[in-house]
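J.: Listed here are the chains, written in short residue letters.
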Amino acid sequence: MVTREQELVRTVVYKHPEALEDVQTHYCPGCTHGIAHRLIAEVVDELGIQDRTISVSPVGCAVFAYEYFDLDGVEAAHGRAPAMATGLKRVWPDRVVFTYQGDGDLAAIGTAEIMHAAARGENITVIFINNAIYGMTGGQMAPTSLPGQRTKSSPMGRDVKIAGYPLRMSELLADMDGAAYVVRRSLHSVREIRKAKKAIRTAFMTQISGLGFSMVELLSSCPTNWGFSPPDALKWVEENMVPYYPLGDYKVIEAVKALE
Amino acid sequence: MVTREQELVRTVVYKHPEALEDVQTHYCPGCTHGIAHRLIAEVVDELGIQDRTISVSPVGCAVFAYEYFDLDGVEAAHGRAPAMATGLKRVWPDRVVFTYQGDGDLAAIGTAEIMHAAARGENITVIFINNAIYGMTGGQMAPTSLPGQRTKSSPMGRDVKIAGYPLRMSELLADMDGAAYVVRRSLHSVREIRKAKKAIRTAFMTQISGLGFSMVELLSSCPTNWGFSPPDALKWVEENMVPYYPLGDYKVIEAVKALE
Amino acid sequence: MSAELMKGNVAIAEAAVRAGLEAYFGYPITPQTELLEHLSKRMVELERVFVQAESEVAAINMVYGAACAGARVMTSSSGPGISLMQEGLSYIAASEVPCVVVDMMRGGPGLGNIQPSQGDYFQVTRSAGHGDYHPIVLAPASVQEAIDLTFEAFDLADKYRHLVFVVGDGLIGQMMEPAVMPEMRPIRPRPDWAVSGKDGREKHIITSINLGAERNEAANLRIQDRIRVIRENEQRSLEWNIEDARILVVGFGTAGRVALSSVKMAREAGLPVGLFRPITLWPFPEKRLAEIVDGGIQAILVVEMNAGQMIDDVRLVVGHDVPVSHYGRLGGAVPLPDDVLHEIEKIAANIGLTATAMAG
Amino acid sequence: MSAELMKGNVAIAEAAVRAGLEAYFGYPITPQTELLEHLSKRMVELERVFVQAESEVAAINMVYGAACAGARVMTSSSGPGISLMQEGLSYIAASEVPCVVVDMMRGGPGLGNIQPSQGDYFQVTRSAGHGDYHPIVLAPASVQEAIDLTFEAFDLADKYRHLVFVVGDGLIGQMMEPAVMPEMRPIRPRPDWAVSGKDGREKHIITSINLGAERNEAANLRIQDRIRVIRENEQRSLEWNIEDARILVVGFGTAGRVALSSVKMAREAGLPVGLFRPITLWPFPEKRLAEIVDGGIQAILVVEMNAGQMIDDVRLVVGHDVPVSHYGRLGGAVPLPDDVLHEIEKIAANIGLTATAMAG
Amino acid sequence: MQEEVIFAGFGGQGVLFAGQLLAYAAMHEGKHVTWIPSYGPEMRGGTANCTVVVSDDPIGSPIVQHPGVAVVFNNPSMLKYEGLVKPGGLLVVNSSLVTATTDRDDITVLNIPATDTANELGESRLTNMILSGAMLAVRPMVSIDTLIETITAKLPQRKRHLLEINVKAIKKGVELAQQQLTPA
Amino acid sequence: MQEEVIFAGFGGQGVLFAGQLLAYAAMHEGKHVTWIPSYGPEMRGGTANCTVVVSDDPIGSPIVQHPGVAVVFNNPSMLKYEGLVKPGGLLVVNSSLVTATTDRDDITVLNIPATDTANELGESRLTNMILSGAMLAVRPMVSIDTLIETITAKLPQRKRHLLEINVKAIKKGVELAQQQLTPA
Amino acid sequence: MATGTIVINEARCKGCTLCTTVCPKGIIEMAEGRVNQKGYIPAVLVDPENQCTGCAICAVICPDVCITVYRDIPAAKLQPATA
Amino acid sequence: MATGTIVINEARCKGCTLCTTVCPKGIIEMAEGRVNQKGYIPAVLVDPENQCTGCAICAVICPDVCITVYRDIPAAKLQPATA
Ligand SMILES: Cc1ncc(C[n+]2csc(CCOP(=O)(O)OP(=O)(O)O)c2C)c(N)n1
Ligand SMILES: Cc1ncc(C[n+]2csc(CCOP(=O)(O)OP(=O)(O)O)c2C)c(N)n1
Ligand code: SF4
Ligand code: SF4
Ligand code: SF4
Ligand code: SF4
Ligand code: SF4
Ligand code: SF4
Ligand SMILES: [Mg+2]
Ligand SMILES: [Mg+2]
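Protein chains in written order, with our numbering: chain A, 1 to 260; chain B, 1001 to 1260; chain C, 2001 to 2360; chain D, 3001 to 3360; chain E, 4001 to 4184; chain F, 5001 to 5184; chain G, 6001 to 6083; chain H, 7001 to 7083.
For the record, the hints were derived by calculation from the structure and aren't laboratory data.
Incorrect hints may appear among the rest.
Claimed, not checked - Quick list of in silico lysine-lysine cross-link-like pairs, PhoX-like style, CA-CA up to 25 Å:
#1 Lys4154(E) - Lys152(A)
#2 Lys195(A) - Lys235(A)
#3 Lys6025(G) - Lys15(A)
#4 Lys1195(B) - Lys7038(H)
#5 Lys3264(D) - Lys5086(F)
#6 Lys1015(B) - Lys2346(C)
#7 Lys257(A) - Lys198(A)
#8 Lys4086(E) - Lys2346(C)
#9 Lys5154(F) - Lys5168(F)
#10 Lys4080(E) - Lys6025(G)
#11 Lys15(A) - Lys3041(D)
#12 Lys4154(E) - Lys2041(C)
#13 Lys15(A) - Lys6038(G)
#14 Lys4154(E) - Lys4171(E)
#15 Lys1161(B) - Lys3041(D)
#16 Lys152(A) - Lys4171(E)
What the hints assert, rightly or not - Part of the chain B face toward chain D, derived, beta carbon under 10 Å:
#17 Val1063
#18 Ala1077
#19 Met1141
#20 Ser1153
Treat the numbers as computed from the prediction; the structure is a model and nothing was measured.
Every residue, glycine too, gets a C-beta built ideally from N, C-alpha and C.
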């Protein structure tokens, strides 16, 4: 006989997070931008900071991120999100300010801004979507495109003799004395997605605790411009990007370790 | 008795190099910009490349470097010397192109350009004069100013909580796959000056051999804006800058080692 | 040499290649990205220089370097990217080195959108960076014109050692039309003044700093002299139905092209309307415009895809002599022939012209 | 509130502090560096925000962020730096957030020099980035005016949620003059529309992207409407010896100030000359200028430290009704009173005015 | 003579290519022609459409507000363009996917089950050719022969094997249109 | 009344301060005044000079081509400004360092061995005060008393002990000028 | 073994198939011959045997947040206080 | 011990004193009571005892390339070929 205590109740264990608007995004089918959005929103919900968080959207496929987060938000010029976030954070030191940036945005045109935000130890959080391509403009080579990768502007494959080598931003930013938490995660599998969420949580906690600059780099897919199905695109992340961009913790200062 | 062979002949063992114009520079007394110029000119002379070398001057105290080198030269926008050098070198691949840049120029406004020139493995040479200050504009804080350093824009001393931490450019650029030779030297003593010259020579050789991006960072003095006598300024380099910016070889690829 | 159906952006890229382009530096931005993409393939094929820069700031400074080396060089962008190039453009102009910049204007200000616009007329004709100068600005209205003007832009740049803009808008860039490509020209030798290593001659220096007001004033006067010559010699425009016109429609690029449909409609309705389409935005074709206006124009309608920019140049020519009105669509909207026709009709009514009165 | 001898740059910085400046972001450049230096001390003392940015590009985007947060915010620069800010300025204008930008113009183009200039008139009044808009532009000619206009600039910026430029030149920035500082005002509360975290209200978004021509046209029309109101309400100018003048000298900032000496000299010589000095460069004080010209002006002399930029605005007002001539010094040179007087005399002779004829 | 045609549907339905093919054909017939895509947001997904203007005279405006012809491949396009076709114009509807209907009686409406027919031909990507054929059957701005010649010339080597079936699709489109206009 | 004075010399000779002191003094006398440095190249070293205009009326141009007074501290400044002083003007020369001479007879020339005198007073940095005193002895655009009051007010606390010697220097300058003008 | 179910917001689904590749029970499939309003083939739960464990793996990978996950949880665990 | 001398271009010298701090023989001094055309006190060689070795250390540190260094070298070493 089933006692009342043993009675099973059908309970929601996963639903759309509060901090995410209930609207359809413009992202392509299977694009991991959607996953990253969700993880951020979940973390904002869990930390209970929806009312004091400000998003800074990039120029890139995520240009409308502010429409999807149910948060106050601004839209920065291409690559300048860290500068804009600096302006916001300095005059609202008790708010949580994060930027959401693509690899063209952060690692090409915005190189100086991200490096100096980290050097200043700017107390902001950066979510860096590295999909090895310029998604929004239709698939040109990004600074992060892999050697040999075919794109619309490297049609014969990225030739390192002409176009140079990819930048590994987490490694570079970890070198900055002002950086408190810099890690690389991936969105190519459920396991990695879960780890990514944890890192995003730590990054936000780093900021809330006033410990300085935090960044989570997320290896991501662009099925449309890579020309793969969404599952194949995730496989490409795992097989090609992860070896080039090793996952791991590049900088975790002691005070952050204490948070984790 | 003195034989003809033993007879002593008074011979010039050091004179003004060919590749340096015989004019007075506008640099302040004791400023090490002058030493750096001389070393470059000596190397150009020794390598016999005066006729095919192109200088790219920065915006900074060295804005008129092109007037002092007896070389073809251009003057770049503030921080953009590596981009301008890229344009020159790509269309003149068999010429020797070098930039001469200050720390404001290279490590602040020009961060993106230097990082990407290195990432591309641009086959140019960069002489980077790190004097921990904006000399030309009268002594404001540079990205390289030391924590606590008093400048015209950090009158109470650089407060890392507000202004962040210095960038160590050699360390950062060494992380780039396109960089072939990245070293830090100093101009604070005769011994170090001699080492600096050797490094400049290797950097030029790296370029001539088509091995990719080369940079020599030179710790330098700015007696005027630091407010020290020239000898004290050199002492300050030794005692304060060298510990923060350790001298050494940050990246020397195998092919370059073979040159040395 | 038969016509091919070509997209404006690709046509411009290929025309540049045929004009002897040695080096291209650029950064992707809609609506000009196909231009960069075409060159990423073609330049590499031809063993010429193609570099996708890390930003528009870097791109224009790479152009500056290659231009100092005497190479035929080009970049391309749109609104936000052109804004980022302003400092570099000013250095290039001050240094008197030739180069070609393509600007496919999009709806501004800010990120705006990527629809066709002419909102950056002031930016390209008036300032293009700090300091006193005007670039030469060419404004095609069709793919064929885009080809022809791009091809010529390089010669103009060389001739005057000056910065030449080819400006279009999203429509010119994205539209396909039949057009004929010129033959491939050999790459021209690098000019004498170039920086190349001082092999066997006095050293060459290219710089834009001129300490002391006197020196910089002298440099500026040299630029102003050149600008005066350009203004004298290079004004260009096209015109339709001018002879007996009483109302003159003025518009460039896409707006001018749309206006042509309206002018034809108005003519069919018996209204004495003509069209004046500037090809050079700077120098503005003021001489020809003044002549036409003197020939009996009673009212002018300026049609632009902006809030009223070229209208200043028209008013500077005609003063208060003739009423000048504006029809503008903003932020990426394109005027429709019917709407322009409607404006023409209003003006006709205002100045007492009726279709019947003039017909026949 | 007694007068102090103050350097223009420092005076502007301190005036901003007293107007309730909450945050300053900037990058050093001559001839405005003392402004940044003063604030590096003062802002920190007052526990307000001072950040020396890594570049002007970063500085203007920091300003953009702080402006979105509703803070009173400012940056300052000169020629090359202002050029680098063009993209950010356009975003700020499109986003309709208030801020103040100080531009101490220097000799251009390119690196040019650091001597006083007015060569960026077009850049600040016409485009300041891509897209259709005009910033409000205030042009002081003395340290006191620099203080007063800076102080007011913040209120204008708030009132119209618009970008306000205070433009000077090396002279205004470097000169010391006795001047009186206003009292320190408390920092105003952040406005309702600011981005601050959506605590208990609908979320606030500040963006400049408007996909679709319709949306962006609507946004542009809103900006244009505001611009029309500003143009209607905010034209300002000063004038001297206008009543019986036959020749009108027009000049702003330092050029206008120098011209005042010349006008006085001309009056002493019996020539009926007046001076019109625009305080707002945009909106250009066209209404008052038109009135003055209607009052019997027979010729106009525009004096500028450039190759002829504001003269377009003068000619747009007067058309061909009155001859307009230009006296300009370029690239950092400053006109001298004697030279301007000489120009006045030439014009007087041209239009048949002689000192004796008019004296008495 | 000037004809303006809007092709509208999803990205991936061959909408842009249908327009380009018409433009090439018109060019080969010596006509003036412009083709322009509505290059939407700087990002993937969403709808795709293009406008082709074919004229005996130089073309003023390459974009039109009220096209003479609209060829709609899906529901969103139907909703957007049905009302914009100018009176006396033609609306070609891919009735396999479009469920919305029009109540306009001032235009000709062709309901062509193009996707179903394409699937029957064994290749859903022929939807665009069927609709093009149908459209030209009613508005012969270029001849069907020219269209077929053009596709013959344009099909890249690696797609050669699809030529026959493309031609078949075009002809099928013509047939379906004629059936619908001439009541059986 | 309007007086224009150029002070010119090396950086470090107190040239700019001499100008500012005059400007402050003029301000305290209720006059209109402007002070402007010739802010040379964006870099150190070289010459320094400044222009002070003192006037009863609002000042038009703060810079002048032909000053009424030039105070030259060194040779290069002598060469540059000697010819620019307007006829009837005054040239004050630091004869300790300036070896060049002038042959103009349309201006008053004061040769003041200021650096030597300053050294005699035990502080070479008093050169500027000596020259200022000499200048005002001939062109009393502000009174010596005001100048002394001004320096008394302006000298920062940590330089207080130098007040007396500064005042002495000013008076010495006046004295030297008077000696020179009134042949003994 | 835990039991549960999921509800897929079909209108929001973009048919990317990612959920189908990760479900440990293999009970998510793409709908056949059906497209949603946006023209995408939606994913559907095909779970006649109630195999779904409510593990939420599908939800974790869904880029469009289309999946709501339910799990059958003992009442005791749910309301420990009031139990 | 090698012998030599230096010639200082006094007009070019900026009086920075660096050479005086490095000469191992301590034979460079700043001129007294004398400035050059630019107003700088120049460095001068004070070497009555011919102590200079021509080691060029002074030249290596001189930022203004004012110093020409001579060393007395055996003729043999100079022209080995023709010796
Ligand atoms: C100044 C400027 N330059 C270029 C562009 C065009 N643009 C828009 S997004 C983008 C790249 C986006 O790539 P990434 O940052 O990697 O983001 P993704 O779309 O891949 O997520 C570019 C170049 C722009 N809008 N502004
Ligand atoms: C775009 C721009 N911003 C600012 C300046 C002003 N400026 C000239 S030099 C300089 C800094 C120079 O410092 P650094 O590069 O360290 O060279 P140094 O003078 O110390 O050798 C600055 C900010 C400028 N000329 N252009
Ligand atoms: S283009 Fe790529 S990055 Fe952009 S939404 Fe589509 S899949 Fe995602
Ligand atoms: S200011 Fe400093 S860096 Fe510049 S020349 Fe003088 S000492 Fe050298
Ligand atoms: S909750 Fe788990 S078992 Fe159920 S459908 Fe999703 S992945 Fe499959
Ligand atoms: S993962 Fe989400 S969007 Fe993709 S098919 Fe499954 S439910 Fe649809
Ligand atoms: S060469 Fe050597 S010994 Fe001679 S002066 Fe120079 S440092 Fe002294
Ligand atoms: S090191 Fe050179 S500049 Fe300095 S004092 Fe010696 S000789 Fe003169
Ligand atoms: Mg990307
Ligand atoms: Mg420096």
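J.: Each of the hints needs a verdict: does it hold here or not?
T.: Hint check results:
no., hint, result
1, Lys4154(E) - Lys152(A), "holds, 22 Å"
2, Lys195(A) - Lys235(A), "holds, 18 Å"
3, Lys6025(G) - Lys15(A), "holds, 20 Å"
4, Lys1195(B) - Lys7038(H), "violated, 32 Å"
5, Lys3264(D) - Lys5086(F), "holds, 20 Å"
6, Lys1015(B) - Lys2346(C), "violated, 83 Å"
7, Lys257(A) - Lys198(A), "holds, 13 Å"
8, Lys4086(E) - Lys2346(C), "holds, 24 Å"
9, Lys5154(F) - Lys5168(F), "holds, 16 Å"
10, Lys4080(E) - Lys6025(G), "violated, 42 Å"
11, Lys15(A) - Lys3041(D), "violated, 51 Å"
12, Lys4154(E) - Lys2041(C), "holds, 21 Å"
13, Lys15(A) - Lys6038(G), "holds, 22 Å"
14, Lys4154(E) - Lys4171(E), "holds, 18 Å"
15, Lys1161(B) - Lys3041(D), "holds, 15 Å"
16, Lys152(A) - Lys4171(E), "violated, 35 Å"
17, Val1063, "holds, 7 Å"
18, Ala1077, "holds, 7 Å"
19, Met1141, "holds, 6 Å"
20, Ser1153, "holds, 4 Å"
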